[in-house]
Amino acid sequence: MRLQFMLSEIWIGLRRNASIAISVVLVTMVSMYLLGLGILAQRQVDTFKGYWYDRVQVTIFLCTADSGEPDCGKKAVTEEQKQAIRSQLQQMKPLVKQVYYESEQEAYDRFQEQFRNSPLAGNIRVGDIPQNFRVQLSDPTKYDVVVSSFEGAPGVGRVQDQQKTLDKLFKVMNVITIASFALAALMVLCAVLLMATTIRQAAFSRRRETGIMKLVGASNFTIRFPFVMETVLAAVAGVGLSVVFLWATVRWGIPYVAKVFPDLALIGVSDVWVITPWLAGLIVVVAMGTSWVTLWRYLRV
Amino acid sequence: MPPKSPSALRLPVRMIRFENVSKVYPRSTKPALTGVSLEVELGEFVFVVGSSGSGKSTLLRLVLKEEQATTGTVLVAGQEVGGLPQRKVPRLRREIGTVFQDFRLLPNKTVYQNVAFALQVLGRSRHAIRQVVPETLEMVGLHGKEKRLPHELSGGEQQRVAIARAFVNKPAILLADEPTGNLDPTTSLDIVRLLDRINRTGTTIVMATHDDDIVNQLRKRVIELADGHVIRDENKGVYGGGTAR
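Protein chains in written order, with the numbering used here: chain A, 2 to 302; chain B, 45 to 289.
No wet-lab data here; the hints were simulated from the structure. Please read all numbers here as calculations on a predicted model, not as lab measurements. Worth double-checking, as some hints may not be accurate.
Stated by the list, open to error - Below are the BS3-like pairs computed for lysine-lysine, each with C-alpha atoms no more than 27 Å apart in a straight line:
{"id": "1", "chain 1": "A", "residue 1": "Lys94", "chain 2": "A", "residue 2": "Lys215"}
{"id": "2", "chain 1": "A", "residue 1": "Lys50", "chain 2": "A", "residue 2": "Lys215"}
{"id": "3", "chain 1": "A", "residue 1": "Lys98", "chain 2": "A", "residue 2": "Lys165"}
{"id": "4", "chain 1": "B", "residue 1": "Lys132", "chain 2": "A", "residue 2": "Lys215"}
{"id": "5", "chain 1": "A", "residue 1": "Lys98", "chain 2": "A", "residue 2": "Lys143"}
{"id": "6", "chain 1": "B", "residue 1": "Lys191", "chain 2": "A", "residue 2": "Lys215"}
{"id": "7", "chain 1": "A", "residue 1": "Lys172", "chain 2": "A", "residue 2": "Lys94"}
{"id": "8", "chain 1": "B", "residue 1": "Lys214", "chain 2": "B", "residue 2": "Lys132"}
{"id": "9", "chain 1": "A", "residue 1": "Lys215", "chain 2": "B", "residue 2": "Lys280"}
{"id": "10", "chain 1": "A", "residue 1": "Lys169", "chain 2": "A", "residue 2": "Lys260"}
{"id": "11", "chain 1": "A", "residue 1": "Lys83", "chain 2": "A", "residue 2": "Lys165"}
{"id": "12", "chain 1": "B", "residue 1": "Lys153", "chain 2": "A", "residue 2": "Lys215"}
{"id": "13", "chain 1": "B", "residue 1": "Lys214", "chain 2": "B", "residue 2": "Lys109"}
{"id": "14", "chain 1": "A", "residue 1": "Lys83", "chain 2": "B", "residue 2": "Lys153"}
{"id": "15", "chain 1": "B", "residue 1": "Lys191", "chain 2": "B", "residue 2": "Lys214"}
Extracted from the complex, chain A is given alone in its bound form (with noise of 0.2 Å):
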């Protein structure tokens, strides 16, 4: 059987390269490992950012008469500057998709269920957070247009764009996503290197071999599929090793994150198996691709 016998060939070229096979499921390894955490804090990003645009985007505080905001003098809030601010938020539709009123009882109470784990809740009392409007936008990109239009209002306190806060968040997921793509795309370089290299090697190994396939006729497709096939293992057990570190990661690494900011929408191991065939079929176009390439150059028929 045709099949049987390739089968046969790659066994033997794999144990016989088996030090240099293992380099190639490391080094493929650690650059899928790099690509995909790279991967997997976009996705984080973008979680954060659904959960968000689903939420409020644009918090309206209202003034208290202890209230330190410098717009308010230290006046509370009045019934008319409430309607006032209630009305025109009303004309702003349909950038403004629904307005929330909490007060501040309710405020206190949402605080506190959200920072139950946290010492921050016995140290708030009531009124410390002031009532307010929540704001939802149809386009959160705009929160600009609502963010001025009440900074300075009557009875305002503070216009708190939730977002300005998240973007400083963002920024440093965005730093990790484009430190690990830069390590991946060095590290993908260092892959297609030591692929070339094994393949060379492997071919100047068995060069016997490829001579006598030449000499008989054998098709230059059955010349290189062993070589080809034994790349493309190698690269397959890497993806699958840093699948398993990345799940391992995600599985250990997220409730950790998870104590830290209780109130975000984290990422889960679901979103690994989602980039795993991306990163298997990358590496496998990248293995396929490099040894194709240096079969063509180094074993000429």
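Here the structure of chain A is known, so what remains is to put chain B in place on it, guided by the hints.
Leaving out everything else, chain B in the frame of chain A:
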């Protein structure tokens, strides 16, 4: 004029035809072959003789398309080898068996595996391989030595394995590049007799050699090369060319 071949009474089929072929290797000023024209017909046994560097190996390599003629045309079984695209070269080589001075066996495969390898890489079925490999080994006189490794065999036996490998696919042409160069005179003669037997099955044989004893004993067609020129081409020739002239 090309010489009359032994099969002149039949309709001659040209297996190999060189038309004014020259070959200059890159980084070499002296041509390896100059204006060589010759024909080898189906079923012929031809010795190519000449001193080292006379162009014998180049001639064989051109037939295999391991080299490309600088000028002129090389035809093998009616096909122009020079214009053959790379992807069709394997098919050409399946029609040609090749034997070398240094045997070129795979050291970690047994006799049987070495011969079977040539069929395995062509994708032949296991059934066919089990049938044809023992037959071929029997024919070359290696029956009972299937499980030996090459280093456990004598030089002559190793060359028989190489011949079995070259012949197992029943090629139309068998090229032998100094197949007796590493062997003692008696063994050499055995090897050439084996090639002669293969020739009688209808396989065309072209053998490059220095071995004057063998050429003189077999009395086959002899093409002599010197400095890349064909200086002699005669039937039932001898090595030096003295007696037949």
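Here is what the structure says about each hint:
Taking the CA atoms of lysine 94 of chain A and lysine 215 of chain A, the gap is about 76 Å. The hint is violated against a cut of 27 Å. With a C-alpha separation of about 58 Å, the suggested pairing of lysine 50 of chain A with lysine 215 of chain A is violated against the 27 Å cut-off. As the CA atoms of lysine 98 of chain A and lysine 165 of chain A are separated by approximately 20 Å, the hinted pair is consistent with the 27 Å bound. About 12 Å separates the Cα atoms of lysine 132 of chain B and lysine 215 of chain A, which keeps this hinted pair within 27 Å; it holds.
A hinted pair counts as satisfied when its Cα atoms are at most 27 Å apart, and lysine 98 of chain A with lysine 143 of chain A qualifies at roughly 12 Å. For the hint linking lysine 191 of chain B to lysine 215 of chain A, the alpha-carbon distance of about 25 Å falls within 27 Å, and the restraint holds. Straight-line distance between C-alpha atoms of lysine 172 of chain A and lysine 94 of chain A comes to about 31 Å, which puts the hinted pair past the 27 Å bound. Only pairs whose Cα atoms come within 27 Å are accepted, and lysine 214 of chain B paired with lysine 132 of chain B is accepted, the gap being roughly 19 Å.
The hinted pair formed by lysine 215 of chain A and lysine 280 of chain B fails the criterion: a straight-line CA distance of about 34 Å is larger than 27 Å. For the hint pairing lysine 169 of chain A with lysine 260 of chain A, the CA-to-CA distance comes to about 19 Å; that is within 27 Å, so the pair holds. Between lysine 83 of chain A and lysine 165 of chain A the CA atoms are separated by roughly 25 Å; this keeps the pair inside 27 Å, and the hint holds. For a cut-off of 27 Å, the pair hint linking lysine 153 of chain B to lysine 215 of chain A stands: about 18 Å separates their Cα positions.
Restraint check for lysine 214 of chain B and lysine 109 of chain B: the C-alpha separation of about 19 Å stays at or below 27 Å, so the hint holds. Our distance criterion of 27 Å between C-alpha atoms is broken by lysine 83 of chain A and lysine 153 of chain B, whose separation comes to about 93 Å. At most 27 Å may separate the alpha-carbon atoms for a hinted pair to count; lysine 191 of chain B and lysine 214 of chain B meet this at roughly 23 Å.
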